[in-house]
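K.L.:
These protein sequences, in sequence, are chains A and B.
Per my numbering, the first sequence starts with residue 3, numbered consecutively.
Per my numbering, the second sequence starts with residue 3, numbered consecutively.
Treat the hints as calculated values from the structure; they're not laboratory data.
Among the clues, some could well be false.
To be verified - Quick list of in silico lysine to aspartate or glutamate cross-link-like pairs, DMTMM-like style, CA-CA up to 20 Å: (1) A:Lys70 to A:Asp140; (2) A:Lys292 to A:Glu179; (3) A:Lys292 to B:Asp150; (4) A:Lys292 to A:Asp150; (5) A:Lys272 to A:Asp334; (6) A:Lys272 to B:Asp150; (7) B:Lys292 to B:Asp181; (8) A:Lys147 to B:Glu271; (9) B:Lys70 to B:Glu132; (10) A:Lys70 to B:Glu191; (11) B:Lys70 to A:Glu11; (12) A:Lys272 to B:Asp140; (13) B:Lys272 to B:Glu306; (14) B:Lys147 to B:Asp181; (15) B:Lys272 to B:Asp334; (16) B:Lys272 to A:Asp150; (17) B:Lys292 to A:Asp296; (18) B:Lys272 to A:Asp140; (19) A:Lys147 to A:Glu191; (20) B:Lys272 to B:Glu328; (21) A:Lys272 to A:Glu328; (22) A:Lys272 to A:Glu311; (23) B:Lys147 to A:Asp150; (24) B:Lys292 to B:Glu179.
There are 2 protein chains.
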Amino acid sequence: MSATLETLETPAAIIDVARMQRNIQRMQARMDTLGVRLRPHVKTSKCLPVIQAQIAAGASGVTVSTLKEAEYCFANGITNVLYAVAMAPGKLPQALALIHQGYRLGMITDSVAGAQAIVAFGQQHDESFEVWIEIDSDSHRSGLKVNDPALLQVAQELCAGSMQLVGVMTHAGSSYELDNLQALQSMAEQERATCVAAAQAIRAVGLPCPQVSVGSTPTALSALSLEGVTEVRAGVYVFLDLVMHNIGVCQPEDLALSVLTTVIGHQAEKGWLLTDSGWMAMSRDRGTQKQRRDFAYGQVCTVEGDWIEGALLSGANQEHGIITFEPEQGMDLLTRFPIGSRLRILPNHACATGAQFPHYHACDIDGGVHTWSRLHGW
Amino acid sequence: MSATLETLETPAAIIDVARMQRNIQRMQARMDTLGVRLRPHVKTSKCLPVIQAQIAAGASGVTVSTLKEAEYCFANGITNVLYAVAMAPGKLPQALALIHQGYRLGMITDSVAGAQAIVAFGQQHDESFEVWIEIDSDSHRSGLKVNDPALLQVAQELCAGSMQLVGVMTHAGSSYELDNLQALQSMAEQERATCVAAAQAIRAVGLPCPQVSVGSTPTALSALSLEGVTEVRAGVYVFLDLVMHNIGVCQPEDLALSVLTTVIGHQAEKGWLLTDSGWMAMSRDRGTQKQRRDFAYGQVCTVEGDWIEGALLSGANQEHGIITFEPEQGMDLLTRFPIGSRLRILPNHACATGAQFPHYHACDIDGGVHTWSRLHGW
Chain A
3 MSATLETLET
13 PAAIIDVARM
23 QRNIQRMQAR
33 MDTLGVRLRP
43 HVKTSKCLPV
53 IQAQIAAGAS
63 GVTVSTLKEA
73 EYCFANGITN
83 VLYAVAMAPG
93 KLPQALALIH
103 QGYRLGMITD
113 SVAGAQAIVA
123 FGQQHDESFE
133 VWIEIDSDSH
143 RSGLKVNDPA
153 LLQVAQELCA
163 GSMQLVGVMT
173 HAGSSYELDN
183 LQALQSMAEQ
193 ERATCVAAAQ
203 AIRAVGLPCP
213 QVSVGSTPTA
223 LSALSLEGVT
233 EVRAGVYVFL
243 DLVMHNIGVC
253 QPEDLALSVL
263 TTVIGHQAEK
273 GWLLTDSGWM
283 AMSRDRGTQK
293 QRRDFAYGQV
303 CTVEGDWIEG
313 ALLSGANQEH
323 GIITFEPEQG
333 MDLLTRFPIG
343 SRLRILPNHA
353 CATGAQFPHY
363 HACDIDGGVH
373 TWSRLHGW
Chain B
3 MSATLETLET
13 PAAIIDVARM
23 QRNIQRMQAR
33 MDTLGVRLRP
43 HVKTSKCLPV
53 IQAQIAAGAS
63 GVTVSTLKEA
73 EYCFANGITN
83 VLYAVAMAPG
93 KLPQALALIH
103 QGYRLGMITD
113 SVAGAQAIVA
123 FGQQHDESFE
133 VWIEIDSDSH
143 RSGLKVNDPA
153 LLQVAQELCA
163 GSMQLVGVMT
173 HAGSSYELDN
183 LQALQSMAEQ
193 ERATCVAAAQ
203 AIRAVGLPCP
213 QVSVGSTPTA
223 LSALSLEGVT
233 EVRAGVYVFL
243 DLVMHNIGVC
253 QPEDLALSVL
263 TTVIGHQAEK
273 GWLLTDSGWM
283 AMSRDRGTQK
293 QRRDFAYGQV
303 CTVEGDWIEG
313 ALLSGANQEH
323 GIITFEPEQG
333 MDLLTRFPIG
343 SRLRILPNHA
353 CATGAQFPHY
363 HACDIDGGVH
373 TWSRLHGW
């Protein structure tokens with residue numbers, strides 16, 4: 003494999019397929035054990051072979067963050083897509099066009115106004131949309147609180163308007179701020195209990211709410227029980243990254259995405275290597291900045307993927323990266339890492355780094371390298 | 003124009019063409035007055051109509067940050083390209099292939115090893131490459147110090163190896179850390195004087211060094227004299243952004259790039275608007291974080307482009323933005339910004355935000371909107 007990693011144009015986004023498959027199996031096995039379906043969030047990879055590997059391992063449908071992802075999945079034979087961003091009225095025609103092609107697209111809302119817009123448009127076009135109500139389980143972003151009177155009002159609006167109220171869904175995004183198992187288990191339980199309570203509140207007034215969907219990678223990998231939940235959504239588990247490593251839900255050897263880079267120069271006095279992995283390759287994501295270990299723009303590894311302890315991509319301009327070494331080991335940088343030598347950088351956030359590339363290079367365990375394209379834009 | 007901004011799919015990257023043209027004219031007029039050529043850095047836009055507008059206004063050639071940009075420019079009739087990232091040996095075959103197609107491509111190096119690799123490859127393929135030596139004028143990244151003995155050694159290696167030593171070039175990237183005119187003028191003078199001194203040192207030993215290239219948007223817009231300089235490179239001046247606003251080289255009404263977004267929800271108790279402009283649209287660039295005014299993920303404007311004072315895109319997840327208002331004005335968010343209403347967000351860093359989009363929507367002064375594609379990847 004190294005031979006090929008020695009010849010690819012850099013910077014390049016490298017997927018370690020064996021690691022990816024292990025990550026997929028681990029999450030699927032966990033969900034199977036907990037008795038829930040897994041609906042992977044494809045915003046992480048936006049890449050068909052990755053999504054197909056998730057489906058092949060047992061996933062039931064997918065989650066998307068844009069309608070373009072939905073269209074891409076449908077066009078490639080993946081049915082049952084949940085668009086997990088609150089539906090804007092202006093995007094309803096695009097959603098309708100997909101449904102008219104025979105595809106099954108779920109949408110979400112978290113407000114009376116949003117529900118009314120969906121009902122009005124659905125009725126106008128004689129379409130009964132599949133709608134989920136978004137629940138706020140941790141105050142971090144969007145969704146309705148369980149005790150908000152609007153929750154039942156939204157459910158009633160949808161049912162009275164002849165939409166299909168499929169269920170409730172939530173995402174405990176604040177799990178990203180945690181870094182110990184007990185807190186993660188507690189957050190997973192909060193996410194579960196809150197979403198189940200919302201479903202029960204809807205059922206208690208005689209309305210249907212068959213599905214209960216929760217999830218984030220940290221909570222999905224920590225939950226002790228998912229009683230009352232029917233499906234879990236998670237995305238970054240497929241690649242994992244330094245943020246997830248800091249949270250504590252994976253080991254260094256689980257990280258499946260890295261950026262292959264070339265050394266283009268040195269500032270020997272400062273102990274710097276200059277590389278062609280700037281922020282255009284890594285993204286500007288500094289997700290580990292506030293975590294227990296700050297990896298700057300990424301952890302430096304050998305081209306074979308072994309961590310070089312203390313070597314970080316400390317700085318990033320558009321197409322220039324700066325690697326520093328801590329502690330300085332008195333080594334001769336020019337000899338150990340001459341111009342033209344190659345390294346791999348593990349990213350803070352796989353979703354953000356992947357998005358910088360038109361395609362991945364997927365490295366099989368047998369050394370084969372495949373080009374896997376990914377979606378860009380909306 | 004507002005009518006069209008009301009119908010575009012969101013998020014969308016909007017170029018205000020009148021502002022862009024004004025920015026182009028301003029920089030070109032400045033360079034004309036200072037008696038130097040302007041070689042715009044196209045890494046900012048990576049977009050042909052933008053580059054063509056720069057050329058039409060009087061630019062002489064372009065600067066690129068990747069060989070893909072060089073290829074794109076050549077294929078579209080733009081000659082004379084300088085690839086301004088130190089040439090990695092592995093990229094030489096790609097450069098040679100472009101030169102063999104008849105294109106004029108300059109490359110840079112800042113080390114003896116780099117120069118030797120260029121010479122070896124050039125001689126092997128009977129090609130005399132146009133090479134510039136990169137000078138470090140502010141210790142911020144790459145380049146050779148004027149007093150580094152390697153400077154003359156590199157010049158000698160190139161000339162002895164029958165390469166064309168075109169000149170010296172530098173980029174005072176630390177100008178981005180400044181925010182007052184006097185410091186900017188001083189940095190511009192440091193950039194100029196250092197690069198001119200490097201050229202003189204080379205000429206003093208009897209080697210050719212006809213060209214002296216300097217530049218960054220902050221120094222280009224601040225320099226009082228460019229004596230001895232032959233050309234200036236600058237990129238972000240074409241769009242400008244909040245970082246440049248904080249540095250003090252432009253006014254709010256100069257910012258030509260913004261992200262059109264839709265309100266998708268509210269957290270009324272918190273005074274939050276939820277939008278579809280997450281970091282996938284804005285990028286993760288937080289360039290104003292350490293500046294005198296932190297704009298979080300961007301300054302919120304009306305769809306017409308008027309700043310809403312105190313309204314910031316405070317948070318960004320992948321496809322969700324969170325807008326907050328300071329001071330809270332006791333307004334009814336749901337009435338003033340209902341679901342489906344539109345806003346525009348000015349970005350911290352135009353280069354990073356533009357890179358998130360496959361195309362721009364260019365809004366003419368007469369209200370016409372054109373789709374301008376841009377490059378992605380390497």
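K.L.:
If a hint holds in the structure, say so; if it does not, say that too.
P.N.:
So, going through the hints one by one against the coordinates:
1. Distance check on the hinted pair: A:Lys70 and A:Asp140 sit about 28 Å apart at the alpha-carbon level, beyond 20 Å; violated.
2. Among the hinted pairs, A:Lys292 with A:Glu179 is consistent with the structure: their alpha-carbon atoms are about 9 Å apart, no more than 20 Å.
3. About 39 Å separates the Cα atoms of A:Lys292 and B:Asp150, which puts this hinted pair outside 20 Å; it is violated.
4. A C-alpha spacing of about 32 Å is found between A:Lys292 and A:Asp150, which places the hinted pair above 20 Å, so the restraint is violated.
5. For the hint linking A:Lys272 to A:Asp334, the alpha-carbon distance of about 12 Å falls within 20 Å, and the restraint holds.
6. Of the pairs offered as hints, the one joining A:Lys272 and B:Asp150 holds, with about 14 Å between alpha carbons and a cut-off of 20 Å not exceeded.
7. For a cut-off of 20 Å, the pair hint linking B:Lys292 to B:Asp181 stands: about 11 Å separates their Cα positions.
8. Annotation: proposed proximity of A:Lys147 to B:Glu271 holds, straight-line Cα distance about 11 Å (limit 20 Å).
9. In summary, the hint linking B:Lys70 to B:Glu132 is supported, as the alpha carbons are separated by about 18 Å, within the 20 Å threshold.
10. Between A:Lys70 and B:Glu191 the CA atoms are separated by roughly 49 Å; this puts the pair beyond 20 Å, and the hint is violated.
11. Proposed proximity of B:Lys70 and A:Glu11 is supported: the alpha carbons are some 11 Å apart, at most 20 Å.
12. The suggested pairing of A:Lys272 with B:Asp140 holds, with an alpha-carbon distance near 14 Å, which does not exceed 20 Å.
13. A C-alpha spacing of about 26 Å is found between B:Lys272 and B:Glu306, which places the hinted pair above 20 Å, so the restraint is violated.
14. At most 20 Å may separate the alpha-carbon atoms for a hinted pair to count; B:Lys147 and B:Asp181 exceed this at roughly 25 Å.
15. Proposed proximity of B:Lys272 and B:Asp334 is supported: the alpha carbons are some 12 Å apart, at most 20 Å.
16. Taking the CA atoms of B:Lys272 and A:Asp150, the gap is near 14 Å; set against the 20 Å cutoff, the hint holds.
17. At roughly 17 Å between alpha-carbon atoms, B:Lys292 and A:Asp296 fall within 20 Å of each other, so this suggested pair holds.
18. Our distance criterion of 20 Å between C-alpha atoms is met by B:Lys272 and A:Asp140, whose separation comes to about 14 Å.
19. Distance check on the hinted pair: A:Lys147 and A:Glu191 sit about 16 Å apart at the alpha-carbon level, within 20 Å; holds.
20. For the hint linking B:Lys272 to B:Glu328, the alpha-carbon distance of about 12 Å falls within 20 Å, and the restraint holds.
21. Taking the CA atoms of A:Lys272 and A:Glu328, the gap is near 12 Å; set against the 20 Å cutoff, the hint holds.
22. Proximity of A:Lys272 to A:Glu311 is assessed by CA-CA distance (about 18 Å); at most 20 Å being required, the pair is judged to hold.
23. For the hint pairing B:Lys147 with A:Asp150, the CA-to-CA distance comes to about 64 Å; that exceeds 20 Å, so the pair is violated.
24. Between B:Lys292 and B:Glu179 the CA atoms are separated by roughly 9 Å; this keeps the pair inside 20 Å, and the hint holds.
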